[in-house]
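The task is simple: from the sequences and hints, build the whole structure.
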Amino acid sequence: MVMKLHEYQAKEIFAEAGIPVPESHLASSVDEVMEAVDEIGYPAAIKAQVHVGGRGKAGGIKIATDEAEARQAAEDILGMDLKGYTVGKVLVEAGVDFENELYVGITMDRNEGKPVAMVSTEGGVNIEEVAEETPEAIAREHIDPAFGLHPYQARKIVFEAGIPRDVAFDVASFLSTLYDLYEANDASDIEINPVMITSDRDVVAADAVMNIDDDALFRHDDLAAMEEDSYEDELEAKAGEYGFDYVRLSGNVGIIGNGAGLVMTTLDLVDYYGGTPANFLDIGGGAKAERVANALDMVFSDENVDSVVFNIFGGITRGDEVAKGINEALESFDEIPKPVVVRLAGTNAEEGMEILNTDLVQVEGTLEDAVQRAVENAQEVSQ
Amino acid sequence: MVMKLHEYQAKEIFAEAGIPVPESHLASSVDEVMEAVDEIGYPAAIKAQVHVGGRGKAGGIKIATDEAEARQAAEDILGMDLKGYTVGKVLVEAGVDFENELYVGITMDRNEGKPVAMVSTEGGVNIEEVAEETPEAIAREHIDPAFGLHPYQARKIVFEAGIPRDVAFDVASFLSTLYDLYEANDASDIEINPVMITSDRDVVAADAVMNIDDDALFRHDDLAAMEEDSYEDELEAKAGEYGFDYVRLSGNVGIIGNGAGLVMTTLDLVDYYGGTPANFLDIGGGAKAERVANALDMVFSDENVDSVVFNIFGGITRGDEVAKGINEALESFDEIPKPVVVRLAGTNAEEGMEILNTDLVQVEGTLEDAVQRAVENAQEVSQ
Amino acid sequence: MSIFVDDDTRVVVQGITGGEGKFHTRQMVEYGTNVVAGTSPGKGGQDVDGIPVYDTVSEAVEKEDANASVVFVPPAFAADAIFEALDTDLDLVVAITEGVPTQDMAKVNKRLSETDTRLIGPNCPGIITPGEAKLGILPGNIFEEGNVGLVSRSGTLTYQVVSNLTERGIGQTTAIGIGGDPIIGTSFVDALEAFENDPDTHAVVMCGEIGGEDEEQAAKFIAENMDTPVAGFIAGRTAPPGKRMGHAGAIVSGSGTGTAESKISALNDAGVPVGDTPNEVADHIEDFL
Amino acid sequence: MSIFVDDDTRVVVQGITGGEGKFHTRQMVEYGTNVVAGTSPGKGGQDVDGIPVYDTVSEAVEKEDANASVVFVPPAFAADAIFEALDTDLDLVVAITEGVPTQDMAKVNKRLSETDTRLIGPNCPGIITPGEAKLGILPGNIFEEGNVGLVSRSGTLTYQVVSNLTERGIGQTTAIGIGGDPIIGTSFVDALEAFENDPDTHAVVMCGEIGGEDEEQAAKFIAENMDTPVAGFIAGRTAPPGKRMGHAGAIVSGSGTGTAESKISALNDAGVPVGDTPNEVADHIEDFL
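Residue numbers (our numbering), protein chains in the order written: chain A, 1 to 383; chain B, 1001 to 1383; chain C, 2001 to 2289; chain D, 3001 to 3289.
Warning: the hint list may mix true and false statements.
Calculated pairs, DSS-like style, for lysine-lysine (alpha carbon to alpha carbon, straight line, at most 27 angstroms) [to be verified]:
| # | chain 1 | residue 1 | chain 2 | residue 2 |
| --- | --- | --- | --- | --- |
| 1 | B | Lys1083 | B | Lys1114 |
| 2 | A | Lys57 | A | Lys83 |
| 3 | C | Lys2110 | D | Lys3022 |
| 4 | C | Lys2220 | A | Lys114 |
| 5 | A | Lys89 | A | Lys288 |
| 6 | A | Lys83 | A | Lys114 |
| 7 | D | Lys3022 | A | Lys114 |
| 8 | D | Lys3022 | B | Lys1114 |
| 9 | B | Lys1114 | A | Lys114 |
| 10 | B | Lys1324 | D | Lys3022 |
| 11 | B | Lys1324 | B | Lys1238 |
| 12 | C | Lys2043 | C | Lys2022 |
| 13 | A | Lys324 | A | Lys338 |
| 14 | A | Lys288 | C | Lys2022 |
To spell it out: a stretch of chain C is covered by chain B in this simulated footprint if at least three of its residues, at any positions, have a beta carbon under 8 angstroms from a beta carbon of chain B; those stretches are [to be verified]:
| # | region |
| --- | --- |
| 15 | 2035–2046 |
| 16 | 2081–2090 |
Just so you know, these hints were derived from the structure itself, not from any lab. By construction, the Cβ of each residue, glycine as well, lies at the ideal position given by its N, Cα and C atoms.
Printed below as a string of structure tokens:
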């Protein structure tokens, strides 16, 4: 998984590394926006800072050519709901008078097991369509991670992509800088789309994407500190605090399991047996009792949930710890809020079954039976 | 070739990278030495800062245990002639109370085409004898330059070398830091000999060697600025200004040529035909007339020279430019100071022979004849 | 027969003195695995349950003639541990560690291509040849000797499918969890090829999941190169699409790949039946045998 | 016959628009070398004496079917240029540039080991097959077609020895200057092996110099693997010892190696006569033929 930086954070990092970005200020109120445009002048772009793709098309980016438009844009965007996220901050940025929009990006190509750099003259919001319809319009170069991006490789894809000759070396230098940032920060993706070529033939990073490999955050305290909680709802925020892999869905069968593959399979089976999953919740490997209790607490907190299935196949996770956690969580209730079906298998499953308070839960021996019963429970409860 | 840093310069770099070094001050007068020992206390080491191997054995390092000894050491060492170099600076350094002396170094193994890291518990001035007599006492590990020194490799040679377990990780960390410095600074060698283990079981860099690859100085302005001219004599200083590869020798046949292999061969032939070379002077490839004239000026400035042989086999170097340069240099004299034998072959040799003022020089067609004649000239002149 | 590990596998456990390392070493030994050494830098000379501990893998290999390692080293040091293992020309390295940074693995992957060593993982449950050897954290008791090979990207899903097989009395030649990280050592194709070449493996289960293109490549390999019948399972049919930002990933992978539909239809096209439930997979295997 | 280059060699000149690149391209073309393209990033579309210039080597290879390159790129960018050449699977890369940082070459060397391309140099005069092709800066007029192979670490010394041969009417199959830098692509052994396998090469001259152990290794190779007679020359018998500081170099190389005595006696032990003068080398070769 990745930690996403906001555009303004990525641009700060890019600018520090020497990549030109338009003048900009971060603002979280209409007044701040107006101060910013006063300083920057017009035209100015007002851009929502939320972790959502397709901001522009969804109304999260507006161009203001005078004070009235700026104020209107600020009022519209600040506080708006953008695909479930509330906009709390906008980046107010000098508008760029551009002639071309290029695409420049680096990501990990998992099929090759190495990073790949990409350049195209067809930058802009439709780059994915370009990739689909005219893949040859995007020049690609794989990078040997032991050597990094050789200067010749940066030149090669820039020339292959047909970047205008007068800015070719500037764009190649962007790429080299981006790769340095990609490697130094353990990025999973890094992207400038678009790179704008101005009428003065300068190149400017008009947007900035930088996602960081979660697994590498331990060695990037500076980046970890940039993480801003902006969860869609309080349940996802809670999952973040607990450190669960959690996704909220729209159904009514709450699902808890260990291991992404098994949890996904449990979701699939809920669907297969006619139910609808309320969530994906992976407690991970080796969970102790407290973590198990937290997971149940999470799922019970979701008012959509009518029934819960707890599916554990222990490898590192031990059945006795799971049973203890379930008992702890359920014994605190006077009445169990939703019916819970438990299926325990694998390491210490027998010990777990001995500990488990079967007055509080329904026990099933197989995955299929457990899911079917949970789906039935949900149907009964929701009637 | 390499640019050598002084011990005090290398130690500054090491210390900045986090390697502990004893407290020290640079001093260039007896008064400065006395100020330094006042601050540091006793025992203190007074160490000549000259580019000479085996300083200690040659009397360039003394330990002072009181003021009188310190003053005596300062007076002895400052201004002393150490294998041809005059000592202008000393490093005054806190004496270290040590229990063991280790060796740690990294250099390029040209047979493998990759750097090699070395560690031994038998550090100290006799490390080369150790290498010769008990090579197994020095643990070695080759480094893949694309990956750098892996942490496991640093640990591996430290354990292999038998470094005491309580300081093993400290020494491994020294090695990792040294490799980072080696790579970041384009070093050709980097060495701490000895690393001292103190009675408190701290590890300290008691000496520091760092030589930089000349060819990479263009990207290390900071290091290039540290170069201190300390030539043995004014002729070598002059060669440095002109940018010649020049070594002064004790004979009386001055030798000028293009390309190290050919100049070495000319020296060998002078010896073979019974003469003694006064110098090695390589004008390099593609020399223009002015450079040729400078070379002659150099050799004439050496009062030991009784005869000169000028041996050019042109590839990039053009015979006409060489001839022009020889003419220029010799036409400025009322009387040619020493007889000059010229042998021109290769690119534009014929054009050169047409230009060459044969009133001023003796011309020979083959290398062997040219050297023989120069040796004869020298014998005649010196009689 | 079996693939990759058997009675002759001599294991060194990297990180044997850590909590997980110690616990699973015991489990492996109990299962009958020939664990000959462990490593823990700075703790050379100690022992864990009588198994000698060395400072370095090279010393463990030299002194105990190990030919495989299992890595239980924490994520920050895991890549270095794998590099160390690769430097000793072991036949097999099994990296259990979860959370190894992807760029570390890209470097490992480069180094791996220079060696003849097989890497399984990271972020995987390991490999087991029932009755012979277990390298990793798989719960040994659910496996049984037999003639079905199993390869899976997911750990606990592996256990699920294996238990569906074992409950019907269908044993396994070897079961491998290859791990679900973006960059892994052994792919589906590598494992399938080995199973195809193992005369004792009469059928193979392949458990995939959404993301990447490894299953699609496996389908191609099966169609072109395999006689041994394969049954599949793909987890994540109902998984919600992730919230993505930036286009780089989509440009590289293309928009159509990586979905459950794409994988299932690729497998079906290759003649591989894909079960709707783990139990259905066992049904297909039963039909094959 | 010949080794490494001949009439079929199709050359791309890297750095063709620079002063040296342009000058020596003319010389190479005059000599009859088939120079099909040049590169100079940013100058694609131009030409030098009618030779098309491309931005990248890959484009030059693709459009002009080049199979060899000569590098005249300044030292700061030379390693990058060699990496670029190695990425296109050329058969041969000849790096003339003097002053390439050693650590850059160590990285190049690593990359080289992953390819099937031959690198000659850097800091070398190049390679010539008289009458067919010249890649580098050697003065073509001193060479003559014949059946003696020559390999040398030194540029101008090569010319000296060749002229000693040619003056006597002894021509050459191929002459190679391998360069005197600490890290080079083609070693004495590589060249000797190729000469040994070339039926038209009846004798070989090998010109070494002090430093390193390449000549000692060559002597070993000759003794063990060569039927073709070899005569040698070693420059630097009277060279003054360098002023050294630090021990690292001496520990790696040992104190006895690298001297003229060590090299001469190694060659003599391998049955290779070593001339006291370049002319004496020609005497030995004359005896062989």
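Going down the list of hints, with the structure as the test:
no. : hint                     : verdict
1   : B:Lys1083 with B:Lys1114 : violated (33 angstroms)
2   : A:Lys57 with A:Lys83     : holds (11 angstroms)
3   : C:Lys2110 with D:Lys3022 : violated (38 angstroms)
4   : C:Lys2220 with A:Lys114  : holds (22 angstroms)
5   : A:Lys89 with A:Lys288    : violated (39 angstroms)
6   : A:Lys83 with A:Lys114    : violated (33 angstroms)
7   : D:Lys3022 with A:Lys114  : violated (38 angstroms)
8   : D:Lys3022 with B:Lys1114 : violated (34 angstroms)
9   : B:Lys1114 with A:Lys114  : holds (24 angstroms)
10  : B:Lys1324 with D:Lys3022 : holds (24 angstroms)
11  : B:Lys1324 with B:Lys1238 : holds (22 angstroms)
12  : C:Lys2043 with C:Lys2022 : holds (14 angstroms)
13  : A:Lys324 with A:Lys338   : holds (19 angstroms)
14  : A:Lys288 with C:Lys2022  : holds (18 angstroms)
15  : 2035–2046                : holds (count 3)
16  : 2081–2090                : holds (count 4)
Figure legend: structure checked against the earlier numbered hints; hints not met, in rising order: 1, 3, 5, 6, 7, 8.
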